[in-house]
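Enquirer: Residue-level listing of the chains:
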Amino acid sequence: MELIARAAGAESLAAHLQRLGPMPALPSGALIAELEASGLLGRGGAGFPVGRKWRAVAERAAGGAVVLANGAEGEPLSLKDRSLMAARPHLVIDGALLAARAVGANDIIFYVGGEHATAQAALRQALAERPGDVRRRTRIVTAPAGYVSGEESAAVHYVNAGDARPTTTPPRPFERGVGGRPTLVQNVESLALAALIARRGHAWYQGLGHGRARGIGLLTVSGAVNRAGVHEIELGATLSDAAAAAGGLRGDVRAVLLGGYFGGWADLHEQWGLPLDAPSMRARGLALGCGVVHFLASGTCGVEATAQLMTYLASQSARQCGPCVFGLSAIAGAAQRLAAQSAQPGDLDRIIRWSRQVTGRGACHHPDGAAALMQSALQVFADDFVGHQHRRCLTISQPARVAVA
Amino acid sequence: MGEVLEIDRIRCDGHGLCAELLPELISLDDWGYPIIKPGKVPPSVVEHARRAVDACPVLALRLARTAAAVAR
Ligand SMILES: Cc1cc2nc3c(=O)[nH]c(=O)nc-3n(C[C@H](O)[C@H](O)[C@H](O)COP(=O)(O)O)c2cc1C
Ligand code: SF4
Ligand code: SF4
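Taken in sequence, the protein lines are chains A and B.
With the first letter of the first sequence counted as 1, position 286 gets the number 275 in our numbering; the numbers rise by one all the way through.
In our numbering, each residue's number is its place in the second sequence (first place is 1) plus 5.
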């Protein structure tokens, strides 16, 4: 296990150095080349190539860039970032220091969700173990709770002005971010993996993985499994491997939520052999996102579970853009009526139309993610939605168990 | 090269004036917020587009040269 600790508590600097040795003194260009050759993709949700992002910031930096390590983890079904920071804080710090060297940044900000107290304490303690020159360049900023606070422009806005709402782009943070300077916003798992690749080389990372997939990653597995929690996998491991890693399925399962509230539903029987890897999933119209895998028990109604997710997402809109504010709450309202078997005529048709319409019409991708989730539900639970339009539930319904934080 | 209509979704407060002036490219959703037809602005309506841009009371609309897309 590279990213998950075997022992309880945070790894000390001494234990970290004993396990991995010192950070390599690679110059910027070589470091970025290693990352590019490794094929490492970002783990905050979008799956953008990490090396390419470092290069884009390095080209603009002129020595004055900023690194923002994103540990906001607002996704309610995800635990992997807080677990990683709590267990291996020095690996995340190494990743941020290497990123700073590679892109030409002096300042490093750890942006950590305020509710992730253990993770924050571990990072604080770990920074205290570092030499003064590291401590002077780094600070921890507490991210306010909320789904959207972890969005990159929202994070930058919060650091700059204490307001965790997204801003209009362009300029994107890599062009103009913290203090107006080019800013590398990178998920903490991405940084930890970059720190391992810097030590061991791209060939090490490329040597891991199943099938055509390369590398390793963290999943948060929850729902109808025996051992919910964070699991490290070699990418390309299948959905059935993920279920096995979580102690097997508990009872009958029909559908699985992949990628989190921003991802989508998939039919479990169709996707049981699905390789968990961003490119393979994208090719099937699915998303690995931040690595959430949530199994929905067959006794739980997919319409009701989706209505809960949509209600949460609508409540998390930063309330700046009309289509996001009004569109998401209208979709959530109609989904609630469908779930409660009190649908009005045309509710289902309106959900279909609205979900298409809100996509791409916010300052950030919040409405896009919510609409994608809704559209996946309309496919996977197609019969259930039609049934609910006629006020009939096809599941002998138990209360939905999708945990909403 | 060409021009595309861009909208600042945070600024736009759904006055709907733009849809009146440029019905060829802009329609409104159920709440009065603009839906812009994707793609470049055809030369035949560029003048109308400019008028819509100028008329927006909160300066939320603009005509931009097509920029290279950067993934987020
Ligand atoms: C609504 C919204 C919420 C997001 N929340 C997070 C988050 O909590 N943590 C995170 O790392 N990325 C989050 N992201 C993605 C970031 O915008 C950004 O892409 C990411 O931090 C970049 O890191 P990566 O390339 O290593 O994935 C969010 C994006 C959106 C649209
Ligand atoms: S799209 Fe929604 S969440 Fe994103 S900035 Fe606009 S109102 Fe806020
Ligand atoms: S005129 Fe301006 S504010 Fe009104 S809907 Fe069009 S873009 Fe929005």
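Don't read these hints as lab results, they were simulated from the structure.
Ideal Cβ positions, reconstructed from N, Cα and C, are used throughout, including at glycine.
Hints are supplied without guarantee of correctness; some may be wrong.
[As the list claims (entries may be wrong)] What the simulated footprint calls covered on chain B by chain A, stretch by stretch (three residues with Cβ under 8 Å from a Cβ of chain A suffice, anywhere in the stretch; the number is not a length):
#: 1; stretch: 14 to 20
#: 2; stretch: 53 to 60
[Said to hold, decoys possible] Okay, the calculated bits of chain A under chain B, using three or more residues with CB under 8 Å as the criterion:
#: 3; stretch: 99 to 112
#: 4; stretch: 242 to 248
[Claimed, not checked] In silico lysine to any residue, SDA-like type, Cα no more than 25 Å apart, as pairs:
#: 5; chain 1: B; residue 1: Lys42; chain 2: A; residue 2: Ser17
#: 6; chain 1: B; residue 1: Lys45; chain 2: B; residue 2: Gly21
#: 7; chain 1: B; residue 1: Lys42; chain 2: A; residue 2: Thr156
#: 8; chain 1: B; residue 1: Lys42; chain 2: A; residue 2: Thr158
#: 9; chain 1: B; residue 1: Lys42; chain 2: A; residue 2: Gln333
#: 10; chain 1: B; residue 1: Lys42; chain 2: A; residue 2: Thr107
#: 11; chain 1: B; residue 1: Lys42; chain 2: A; residue 2: Gln330
#: 12; chain 1: B; residue 1: Lys42; chain 2: B; residue 2: His53
#: 13; chain 1: B; residue 1: Lys42; chain 2: A; residue 2: Trp193
#: 14; chain 1: B; residue 1: Lys42; chain 2: A; residue 2: Pro13
#: 15; chain 1: B; residue 1: Lys45; chain 2: A; residue 2: Asp338
#: 16; chain 1: B; residue 1: Lys42; chain 2: A; residue 2: Ala14
Enquirer: Can you list which hints this structure breaks, lowest number first?
Expert: 2, 3, 4, 5, 9, 10, 11, 13, 14, 15, 16
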